[in-house]
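Residues per chain, in single letters:
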Amino acid sequence: MSNYRYQIEQYHSIEKADIAINGITVLAGVNGAGKSTLSRWLYYIVNISTIYDTNRFEEYQQNLGNEIRQYATAKKEFAESNDEVDMLSKARKSILDINYNGIETADEVLSIYMAATKQFCEEWKKVLPTMNHNALTRISNFLHFEKISNGSDDTLIERFLEERMKKGTSEKESFFLAIKKRPIEKFFEKTRKTYHETDRPNSISFQEDGVEIITDKKIGSLLGLDDAIYIDTPMALSVTDSTNQFWNELLFMLKNQDENIDISREAKNMLKRITLITGGEVIEKKDVFGLKELFYTRNSDNLTIKLENAATGIKTFAYIEQLLRKGYLTNRTVLIIDEPEAHLHPQWIVEFARLLVLLNKEIGLKIMVASHDPDMVSAIRYVSEAEGTLDYTNFYIAEQNGNSQTYTYKNLGNDIEPIFVSFNKSFELIEKYGVDNG
Amino acid sequence: MAKYKIKSPSAIQLKGMVAADIRGLYSLFKQEGCIESENKFTDDDKAVFLDDIQTRLAQKNKTDKQASADMLLCIDKNKYLLIDAKFNSKSVRNIDPKELSDKLTSSRSLVLSDDFYFGNAFYVLFKSQVINPSQQNRLKREFQNKPQFRFMNALQFRELFEK
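Quick mapping for you: the protein sequence lines, in order, are chains R and X. Under our numbering, read the first sequence as residues 1328 to 1765, first letter to last. Under our numbering, read the second sequence as residues 3 to 165, first letter to last.
Keep in mind that the hints were calculated from the coordinates and are not lab data. Among the hints, a few may not be true.
Restraint-style ranges between C-beta atoms, simulated for each label pair [as the list claims (entries may be wrong)]:
1) R:ARG1625 to X:ALA60: 44 to 50 Å
2) X:ALA60 to R:GLN1674: 39 to 45 Å
3) R:MET1562 to X:LEU162: 38 to 44 Å
Per the computed footprint, the stretches of chain X lying under chain R, defined by three or more beta-carbons under 8 Å from a beta-carbon of chain R, are [stated by the list, open to error]:
4) 35 to 49
5) 127 to 138
Everything numeric in this text was worked out from a predicted model, so none of it was measured. Note that CB positions come from ideal geometry on N, CA and C, so glycine has one too.
Throw the hints in and build the complete structure from the sequences for me.
Right under this line is the structure:
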């Protein structure tokens, strides 16, 4: 298994964080120390770099698809029937429907684009003599083509066709170039556009077995990781659609339509463990529109309720259960959870901590959690020790730099006492506010 | 919080107390098993040794000896604190909330002076290697976070007082 090292410097409240991800990583620190920021950027790095090619392909599809959409709009001006316009819309749809599967799929997209362009030009040519100058100028402007001079122009369509063919080829070439060079700007463009990050860390670094993935120019590819899954709150399971991109991406995974998922024996054992803890399991049912809905069934009395109505603690276990069932939790995944203890009763906090340790041990899943809970921290510490995975378990604490609002993440190894020093501050406050000291 | 000032306990009246019960904190800590490197008090800091008082009261009343805190320490503003020394404990697991609550009650009932007030703090002291932050957390939670009970080592306890 590969080892990962993740660093961020001078970003929001993080002064410096240098974090090893090779098993279970636990981050502790006061509110506002940047734990969630670390989680989010780890998610971006892993996800954007692993689906980088697909994203570029989608851009390429979109660019050519948009051209065809413009033809369709322009064609409405002179088409004899709607069917002719529909042909172009269908061509666009078939471009967008192509799934990225190696660079040869780029040719498929290009050939559909070329055919649609040729067809459009032929039909345009037929009606050209009947078009007056103003109508022609309008269409040409709309298609971002050259300014039409007065008088008839026989080579107009030929020139247009030639230009669009060139454009198609150059789009393909720039797609090839983008997946070859993997410019870092595309990474930050995605964090800005999809995840609405308005700024970027001054320094960010991610190393796979000592090899830097993020350089000034390039976002490299990860050989040992396929996925990052980020769960900021189990309440994400209570919604069906949201404006939160993380929730949408999580829900997409949980309701994955793929029926034939083969999961490992270890994963099946994990599912059994979860059923023992929660006393029930998550099942999928299709609603009247054929969309999947998640339900929780209690084994003792077969009570079946919608998962969104189930106890929030059940949801915490449910997302792990469903991700396992869908085959997302593997040794090529990093699972990032913010405050996994939220909504759990202490005994279930310990059960959840044990589950995380076992997921790491049995499946090889890499885990990063941010926690505020004494039970979670100590359970991860001692269960890892009992399971023999303590060497791959690292604890970090965010230490405040003087009086500034910035924090440096200190590697504690396996020593959780400094984390407890920060937890125990609450007792001092109860002593201060809770007794009459005169 | 402001630091406490240690005052001489000669003004406080306790049931069955004699002058010999007022002893130096350094010797008392040493007697209870506090190691030298953690014993930062001097014998000029005086406290009342409650154990001897309980023994005397039991003999006098021909009853079983009552358990109480080990020491009573007078501080400024006419207040007193209680200290139970568990320097010989190897673990915090055998600390019983009920036992300590009883010690608190029985110790307070020894105090006769009505112009001395309990400072709302019962300090249970351990060797520093026993009472690390996670064990402190464990004890606090076992005591339902009651603010009266405070668990620490002798060095941390010394920090509560003015030098």
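Verification of the supplied hints:
Checked against the hint of 44 to 50 Å, the pair R:ARG1625 and X:ALA60 fails, with Cβ atoms roughly 58 Å apart. Between X:ALA60 and R:GLN1674 the C-beta distance comes to about 43 Å, which sits within the given range of 39 to 45 Å. Separated by about 43 Å at the C-beta atoms, R:MET1562 and X:LEU162 satisfy the suggested range of 38 to 44 Å. For a cut-off of 8 Å, the count of residues in the segment 35 to 49 of chain X with a CB near a CB of chain R stands at 0, and the three-residue condition is violated.
With 4 residues carrying a beta carbon less than 8 Å from a beta carbon of chain R, the segment 127 to 138 of chain X meets the three-residue requirement, and the given coverage holds.
The structure does not agree with the numbered hints 1, 4 stated previously, though it agrees with the rest.
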